[in-house]
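*Asks:* Below are the chains, spelled out letter by letter.
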Amino acid sequence: MLNLLGKRLPVRRFLALVLLVGVLAPGARAQKITAVANASWTYSGYLVFGSSGTEEDNLNVSMYEQVVEQPDTNGNWIVVSTNYNISVTGNGSDPFGDSWTWVGNPTDSINDGAGVQLEFDDSNPTHPFDFGWVTLYLFPPEVETDPPNAGTLFSLPLVNFAQDTFTVATNGAVSVSGSETTNAIPETAEGLSVTGTGTVSYTVTYDPGSTKLAIVSVQTPAAVNGNQNTFISSDTITVKATVGNQGGIPVMWSVNGLNSAFPGVLLTNQMVNSDASGNSTFSFSPAQIGAFPQFRKSNFTKTGSRAPNQPVNFEVVAQAQGQTVTLSQSGVGTLQQDDIDTLRQEYVDYVTFKTSGPYTPQRSDVVPSLAGNYNGGNYGVQLAVHMDTSFAAILQAYQSATITVNGVTGPMPPAAQLLVKSGYRNPQRNKAIGSKFPQTSHHMFGGALDLKPVPSWVRINGKRVWVDMDQVLFPVLQQAAATQGTAISEIGSKQVDLGTPGENHIHVEW
Amino acid sequence: MSSGKQNERMNKFFRSRWLLFVIALCLFAVPRNAEAVQAHVEVAASDTNFTYTIFHDEDPGSALILSAFELQLDAPIQAIQSPPGWTFQTDGANYVSWISTNDTPPFPDDVLPGASLSGFVVQTLVATMDTNACAIASSDLSTTNAGSVFTGSVLAPSAPTLNPGVALSQNAGALQLSVTGVTGFLYITEGSTNLVNWAPVTTNSPPFVITIPTTNPAPPVMFFQTLFPTTRD
Numbered sequence: 001m002l003n004l005l006g007k008r009l010p011v012r013r014f015l016a017l018v019l020l021v022g023v024l025a026p027g028a029r030a031q032k033i034t035a036v037a038n039a040s041w042t043y044s045g046y047l048v049f050g051s052s053g054t055e056e057d058n059l060n061v062s063m064y065e066q067v068v069e070q071p072d073t074n075g076n077w078i079v080v081s082t083n084y085n086i087s088v089t090g091n092g093s094d095p096f097g098d099s100w101t102w103v104g105n106p107t108d109s110i111n112d113g114a115g116v117q118l119e120f121d122d123s124n125p126t127h128p129f130d131f132g133w134v135t136l137y138l139f140p141p142e143v144e145t146d147p148p149n150a151g152t153l154f155s156l157p158l159v160n161f162a163q164d165t166f167t168v169a170t171n172g173a174v175s176v177s178g179s180e181t182t183n184a185i186p187e188t189a190e191g192l193s194v195t196g197t198g199t200v201s202y203t204v205t206y207d208p209g210s211t212k213l214a215i216v217s218v219q220t221p222a223a224v225n226g227n228q229n230t231f232i233s234s235d236t237i238t239v240k241a242t243v244g245n246q247g248g249i250p251v252m253w254s255v256n257g258l259n260s261a262f263p264g265v266l267l268t269n270q271m272v273n274s275d276a277s278g279n280s281t282f283s284f285s286p287a288q289i290g291a292f293p294q295f296r297k298s299n300f301t302k303t304g305s306r307a308p309n310q311p312v313n314f315e316v317v318a319q320a321q322g323q324t325v326t327l328s329q330s331g332v333g334t335l336q337q338d339d340i341d342t343l344r345q346e347y348v349d350y351v352t353f354k355t356s357g358p359y360t361p362q363r364s365d366v367v368p369s370l371a372g373n374y375n376g377g378n379y380g381v382q383l384a385v386h387m388d389t390s391f392a393a394i395l396q397a398y399q400s401a402t403i404t405v406n407g408v409t410g411p412m413p414p415a416a417q418l419l420v421k422s423g424y425r426n427p428q429r430n431k432a433i434g435s436k437f438p439q440t441s442h443h444m445f446g447g448a449l450d451l452k453p454v455p456s457w458v459r460i461n462g463k464r465v466w467v468d469m470d471q472v473l474f475p476v477l478q479q480a481a482a483t484q485g486t487a488i489s490e491i492g493s494k495q496v497d498l499g500t501p502g503e504n505h506i507h508v509e510w
Numbered sequence: 001m002s003s004g005k006q007n008e009r010m011n012k013f014f015r016s017r018w019l020l021f022v023i024a025l026c027l028f029a030v031p032r033n034a035e036a037v038q039a040h041v042e043v044a045a046s047d048t049n050f051t052y053t054i055f056h057d058e059d060p061g062s063a064l065i066l067s068a069f070e071l072q073l074d075a076p077i078q079a080i081q082s083p084p085g086w087t088f089q090t091d092g093a094n095y096v097s098w099i100s101t102n103d104t105p106p107f108p109d110d111v112l113p114g115a116s117l118s119g120f121v122v123q124t125l126v127a128t129m130d131t132n133a134c135a136i137a138s139s140d141l142s143t144t145n146a147g148s149v150f151t152g153s154v155l156a157p158s159a160p161t162l163n164p165g166v167a168l169s170q171n172a173g174a175l176q177l178s179v180t181g182v183t184g185f186l187y188i189t190e191g192s193t194n195l196v197n198w199a200p201v202t203t204n205s206p207p208f209v210i211t212i213p214t215t216n217p218a219p220p221v222m223f224f225q226t227l228f229p230t231t232r233d
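For the protein sequence lines, the chains are A and B, in the order given. Residue numbers for the first sequence follow my numbering, so the first one is 1 and each next one is one higher. Residue numbers for the second sequence follow my numbering, so the first one is 1 and each next one is one higher.
If you're looking for bench data, these hints aren't it; they were derived computationally from the structure. In this text, all values refer to a predicted model and were calculated from it rather than measured experimentally. You may find that some hints are simply not true.
[Stated by the list, open to error] No farther apart than 25 angstroms at their CA atoms in a straight line, the calculated lysine to any residue pairs in the SDA-like style are these: (1) K302(A) / G191(B); (2) K297(A) / V166(B); (3) K302(A) / V166(B); (4) K463(A) / T409(A).
Here chain A stands alone, though its shape is the one from the complex (with noise of 0.2 angstroms):
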């Protein structure tokens, strides 16, 4: 029911609805599909002005509209675009005697939430009562009410879709059409009497020339913290792309440094064009790229640090027909150093190498710290060639030998001690404390000790003696030390004689 100015307009349901949503088969693949969907209705009526019952004739009513679906990225139908026109023509004359003319062809959503407007222009009032222009609104069925709300007339219901099912075959064009009828709503009541059938039409084309670019995975050697994909630059990389079903098509890949550990690109416009079941499969390492060692060469090894180097951490770009996606983007995981391979890469960095050869460490050799002094390095984790043991049996023996002091011959201090002046060192620390040996240092791989005796003493003829370093500690750690791999005496890297003044460790490798 309208009510204009005081004066009843009865309004009735005015309209039925639309439409059709597609949705894919189960298993089907998603592509660019677009789903158009057409409906429109016809009506005609009349209006009646006031409680008298006036009816003016040659009110005709139009109504046409658009849905735009498309598949998103889970395959799931959504709807991308909504068109709505309603169109009103007719005239007559008002109880006063004005004539009046539906005027306007709006155009509006009806996922707006506000309603068709309809205005109608009285012409030329010449009743007590100037209309003016006067708005008209359509209730849905629903919420009409009597008397109406003033001011609001008709709101399109938001979803009244008919459902319909489509399977859309994966390889090639094809197109889905059909329609279906839809008897509007023959009901005549006072007021608007509303006649006449809508027609829905509906089409799904598919177009194999678009292609729905997305990276599918990546993979290293390892991965940590579920998705994070961890490596060192000698590593193969891959990574996937899909685009569709199609084969042959070109896709450009690119490869970005996210951070100083490597900044800047290291690949780009990298084609690799899709297989037959449309994947595209992009495989790099970063030691093969001569900007990438050189760069590492350059900033992180020259120096050294005592400080853990930043992880290496690497961005993906694929391009397709115009598509661009990321690997961030992708949710699939990300390529990112952990702690164990951050220290991997400085052997790779250093190119670090045992009389066997080159040597990086496996990531089963990377132990978390031992505890004490062992780790001299800067991770929390570190190589360690049974060190711990070793130094175990070092100190055994160690305290189990016999000394002179001052002529006098007797076991060494049961309590006597022990300092691991420096274990494990990874290549950059190795470096920055000015090792001669920045590639091969038996530190790095955890099969080294520096040791140093702490000093002990005896007891003779009831006095605190003091043992002698240089002369017999230094001496007794030696042969101690040798028990477990070659030991020597040092000045700092410098091979001295056993009991030289200013030796300040033994060295001992395996």
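Let chain A serve as the given structure and place chain B on it in line with the hints.
*Replies:* This is chain B only, laid out in the frame that chain A set:
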């Protein structure tokens, strides 16, 4: 007292003494240093001075007293102070060993349980520090022998990077090597004509400049390297 009872008593006595002897052997068999003396070190760094204090954390009834303090470091230093009755040994770069010099029990200059001793001071031109190893050795008054040792770590002077830097330049027709590094450390520059046999050219504390020596006739190729003499392997 019958001889039977006497024998029985003697047997009991010897059995008990034997038991005590076995217990005593067990005590000796367990190294006294299996458990380190309870102690710790604190450091106060001010400008170029690092002042260390050792704390004896054993209960007052402990027979252990603190007799030596070993400090590891990685920077050119001078030990400029020792507590009264203590002396030190150092190589000026890698360690300082302080010991209590009194040689007669009860070693009055040692640190008693519950007490602390400060006055271990090193001075360095290096403004940076890092955690390094340390140890505190004790003496056992009950046996007047060396006691157990605490080992741990403490902040100590540490040169950030010791590697030398070398730049080649020309001055009035003569080639010069400018050597940079950590002032206070001695760097050795060596020369070679074949990269196999190296001979010292100079040893100095950086920064310093070497005018490359010439011979007549000049060697076809001359190589130079600058080493830090206390670098580690």
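*Asks:* Determine which of the earlier numbered hints do not hold for this structure and return their numbers in increasing order.
*Replies:* No hint contradicted; all consistent.
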